[in-house]
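Visitor: One letter stands for each residue in the lines below.
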Amino acid sequence: GAVVSQHPSWVICKSGTSVKIECRSLDFQATTMFWYRQFPKQSLMLMATSNEGSKATYEQGVEKDKFLINHASLTLSTLTVTSAHPEDSSFYICSARDRGTHGEKLFFGSGTQLSVL
Amino acid sequence: QQQVKQSPQSLIVQKGGISIINCAYENTAFDYFPWYQQFPGKGPALLIAIRPDVSEKKEGRFTISFNKSAKQFSLHIMDSQPGDSATYFCAASINTDKLIFGTGTRLQVFP
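Sequence order for the protein chains is A and B. Using the numbering used here, the first residue of the first sequence is number 1, and each one after it goes up by one. Using the numbering used here, the first residue of the second sequence is number 118, and each one after it goes up by one.
Just so you know, these hints were derived from the structure itself, not from any lab. Be careful, since some hints might not be right.
[To be verified] In silico SDA-like links for lysine to any residue, alpha-carbon gap of 20 angstroms or less:
| hint | chain 1 | residue 1 | chain 2 | residue 2 |
| --- | --- | --- | --- | --- |
| 1 | B | Lys159 | A | Thr78 |
| 2 | B | Lys215 | B | Asn144 |
| 3 | A | Lys105 | A | Leu46 |
| 4 | A | Lys41 | B | Pro125 |
| 5 | B | Lys215 | A | Val11 |
| 6 | A | Lys105 | A | Thr49 |
| 7 | A | Lys55 | A | Leu74 |
| 8 | B | Lys122 | B | Ile165 |
| 9 | A | Lys41 | B | Thr220 |
| 10 | B | Lys132 | B | Arg178 |
| 11 | B | Lys174 | B | Lys159 |
| 12 | A | Lys105 | A | Ile12 |
| 13 | A | Lys105 | B | Phe179 |
| 14 | A | Lys41 | B | Lys174 |
| 15 | A | Lys66 | A | Thr49 |
| 16 | B | Lys122 | B | Asp148 |
| 17 | B | Lys159 | A | Ile12 |
| 18 | B | Lys175 | B | Ile135 |
| 19 | B | Lys215 | A | Thr75 |
| 20 | B | Lys159 | A | Leu74 |
| 21 | A | Lys105 | A | Thr75 |
| 22 | A | Lys105 | A | Lys66 |
| 23 | B | Lys215 | A | Glu52 |
| 24 | A | Lys41 | B | Phe179 |
| 25 | B | Lys215 | B | Ile135 |
| 26 | B | Lys215 | A | Glu63 |
| 27 | B | Lys159 | A | Arg24 |
| 28 | B | Lys122 | B | Arg178 |
| 29 | A | Lys105 | B | Ile135 |
| 30 | B | Lys159 | A | Val11 |
| 31 | B | Lys132 | B | Ala187 |
| 32 | A | Lys105 | B | Lys215 |
The following block holds chain B by itself, in its conformation from the complex (with noise of 0.2 angstroms):
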């Protein structure tokens, strides 16, 4: 029930195109949808994050849609760059306490 389930494992995007990448859940109780965005050798950063009470968020190129009946979410890149390339996580926690991270997505993207 801890679980967050990601996909796809990796993708490949040409530049311009939007990329997408979903997460499901199974635990009612999480509140808080962070994705992270890392580059090797480097921490994760935070790109953009939800809680249930909206349907969607948008920041820049990055949207997060979130489907509270479905118990999933995703995230879309619009616009996709080369500088985009890196992999992507969701995660979910509860009261922003311990994250609980999907198994990551490659994406790269070409020019």
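Looking at chain A on its own, in the form it has when it is part of the complex (with noise of 0.2 angstroms):
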């Protein structure tokens, strides 16, 4: 199947700063990619859709002041949680859209596990 590399698999900070998740797709592009975000033993809930070249559509509850994305070429795609909180300490995975090779299907990064001290 497709590829998608997230990273970093894991990251550590403050309360108060900003930690920036990258979502690459290393075999095709994807114009659309999908953020979640996962809490222990729970299912994946979607936090936003990333489109390229456009704004970010968020999830009903979701601060788009917080959680910032940008999809600024059809591989990439970032997510950057601003002033973390302990509360935002959780799994984020991404997901990307292929269209093309693999016939329209949906795969996931490996995601980052935040900590926020």
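Quick one: dock chain against chain with the hints and give me the complex.
Guide: Structure, rendered in structure tokens:
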């Protein structure tokens, strides 16, 4: 299947700092990427839809000023958690849609575990 | 209407047995139904997916059964192995747009 690379795998930061997470589609172009959040032993909750060259669409209840999303190219989307607080500690996962090579499927990155102290 | 209900929450199966996980949805506009496998600390990996124009799809030991009229679909894992022990999520979407996930099933396969 297609490869979606997510970096970093884990990050520990102090409260009040900002953290950037990168999501790259390695072997296909992704006009649309999705960002999810997952708490321990729970399901994935969609945070926002990232569209190349345009503003992200956020799900209800997700603060767009806190979770900044940039999709500047067809292979890269970034999620920046601004002024992180302990309650932002979670597993963040990106997904990319491949509408070409692999027959329109959604592939996920390996996730980023964020711990805010 | 956007919910996808998944059961059971956990499942214990003996090696060689069949694991069955069920999902139900409400939104008839959904047209893409994938299953994902997730190991601890990792992102979900696509196992198999189906569209509503077929009632069954098989890939190796994994089979999706789809019942459009009942708005239900299920994952069958044949000859379950200890390496299959993971959390499984069903999902649904419209045009492979944003996925709505089920609550997950933790599968444990004992030797």
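Visitor: All the hints need checking, so say for each whether the structure fits it.
Guide: Tested hints:
As the CA atoms of B/Lys159 and A/Thr78 are separated by approximately 19 angstroms, the hinted pair is consistent with the 20 angstroms bound. Among the hinted pairs, B/Lys215 with B/Asn144 is consistent with the structure: their alpha-carbon atoms are about 14 angstroms apart, no more than 20 angstroms. Simply put, A/Lys105 and A/Leu46 have alpha-carbon atoms about 17 angstroms apart, close enough for the 20 angstroms limit, and the pair holds. Proximity of A/Lys41 to B/Pro125 is assessed by CA-CA distance (about 14 angstroms); at most 20 angstroms being required, the pair is judged to hold.
Under the criterion of a C-alpha separation no larger than 20 angstroms, the hint pairing B/Lys215 with A/Val11 is inconsistent with the structure, at around 26 angstroms. With a C-alpha separation of about 15 angstroms, the suggested pair A/Lys105 and A/Thr49 falls inside the 20 angstroms cut-off, and the hint holds. Among the hinted pairs, A/Lys55 with A/Leu74 is consistent with the structure: their alpha-carbon atoms are about 14 angstroms apart, no more than 20 angstroms. Using a Cα cut-off of 20 angstroms, the hinted pair B/Lys122 and B/Ile165 holds, with the two alpha carbons roughly 18 angstroms apart.
Using a Cα cut-off of 20 angstroms, the hinted pair A/Lys41 and B/Thr220 holds, with the two alpha carbons roughly 9 angstroms apart. Restraint check for B/Lys132 and B/Arg178: satisfied, since their Cα atoms lie roughly 13 angstroms apart, inside the 20 angstroms limit. For the hint linking B/Lys174 to B/Lys159, the alpha-carbon distance of about 26 angstroms lies beyond 20 angstroms, and the restraint is violated. Only pairs whose Cα atoms come within 20 angstroms are accepted, and A/Lys105 paired with A/Ile12 is rejected, the gap being roughly 32 angstroms.
Restraint check for A/Lys105 and B/Phe179: the C-alpha separation of about 17 angstroms stays at or below 20 angstroms, so the hint holds. The hinted pair formed by A/Lys41 and B/Lys174 fails the criterion: a straight-line CA distance of about 28 angstroms is larger than 20 angstroms. Pair hint A/Lys66 plus A/Thr49 holds up; C-alpha atoms about 15 angstroms apart against a cutoff of 20 angstroms. A threshold of 20 angstroms between alpha carbons decides the hint, and for B/Lys122 with B/Asp148 the separation of about 16 angstroms falls inside it, so the pair holds.
Using a Cα cut-off of 20 angstroms, the hinted pair B/Lys159 and A/Ile12 holds, with the two alpha carbons roughly 17 angstroms apart. Using a Cα cut-off of 20 angstroms, the hinted pair B/Lys175 and B/Ile135 holds, with the two alpha carbons roughly 14 angstroms apart. Distance check on the hinted pair: B/Lys215 and A/Thr75 sit about 18 angstroms apart at the alpha-carbon level, within 20 angstroms; holds. A hinted pair counts as satisfied when its Cα atoms are at most 20 angstroms apart, and B/Lys159 with A/Leu74 does not qualify at roughly 24 angstroms.
At roughly 15 angstroms between alpha-carbon atoms, A/Lys105 and A/Thr75 fall within 20 angstroms of each other, so this suggested pair holds. Taking the CA atoms of A/Lys105 and A/Lys66, the gap is about 29 angstroms. The hint is violated against a cut of 20 angstroms. Of the supplied pair hints, the one linking B/Lys215 and A/Glu52 holds, its CA atoms being roughly 15 angstroms apart against a limit of 20 angstroms. Annotation: proposed proximity of A/Lys41 to B/Phe179 is violated, straight-line Cα distance about 24 angstroms (limit 20 angstroms).
Distance hint between B/Lys215 and B/Ile135 is unfulfilled; the C-alpha atoms sit about 30 angstroms from each other, more than 20 angstroms. Restraint check for B/Lys215 and A/Glu63: satisfied, since their Cα atoms lie roughly 18 angstroms apart, inside the 20 angstroms limit. Distance check on the hinted pair: B/Lys159 and A/Arg24 sit about 16 angstroms apart at the alpha-carbon level, within 20 angstroms; holds. Restraint check: the Cα-Cα separation between B/Lys122 and B/Arg178 comes to about 23 angstroms, which exceeds 20 angstroms; the hinted pair is violated.
Distance check on the hinted pair: A/Lys105 and B/Ile135 sit about 27 angstroms apart at the alpha-carbon level, beyond 20 angstroms; violated. A threshold of 20 angstroms between alpha carbons decides the hint, and for B/Lys159 with A/Val11 the separation of about 15 angstroms falls inside it, so the pair holds. Straight-line distance between C-alpha atoms of B/Lys132 and B/Ala187 comes to about 31 angstroms, which puts the hinted pair past the 20 angstroms bound. For the proposed pair A/Lys105 and B/Lys215, the alpha carbon gap of about 11 angstroms is at most 20 angstroms, so the pair holds.
Taken one by one, the earlier hints fail for this structure at numbers 5, 11, 12, 14, 20, 22, 24, 25, 28, 29 and 31, listed in ascending order.
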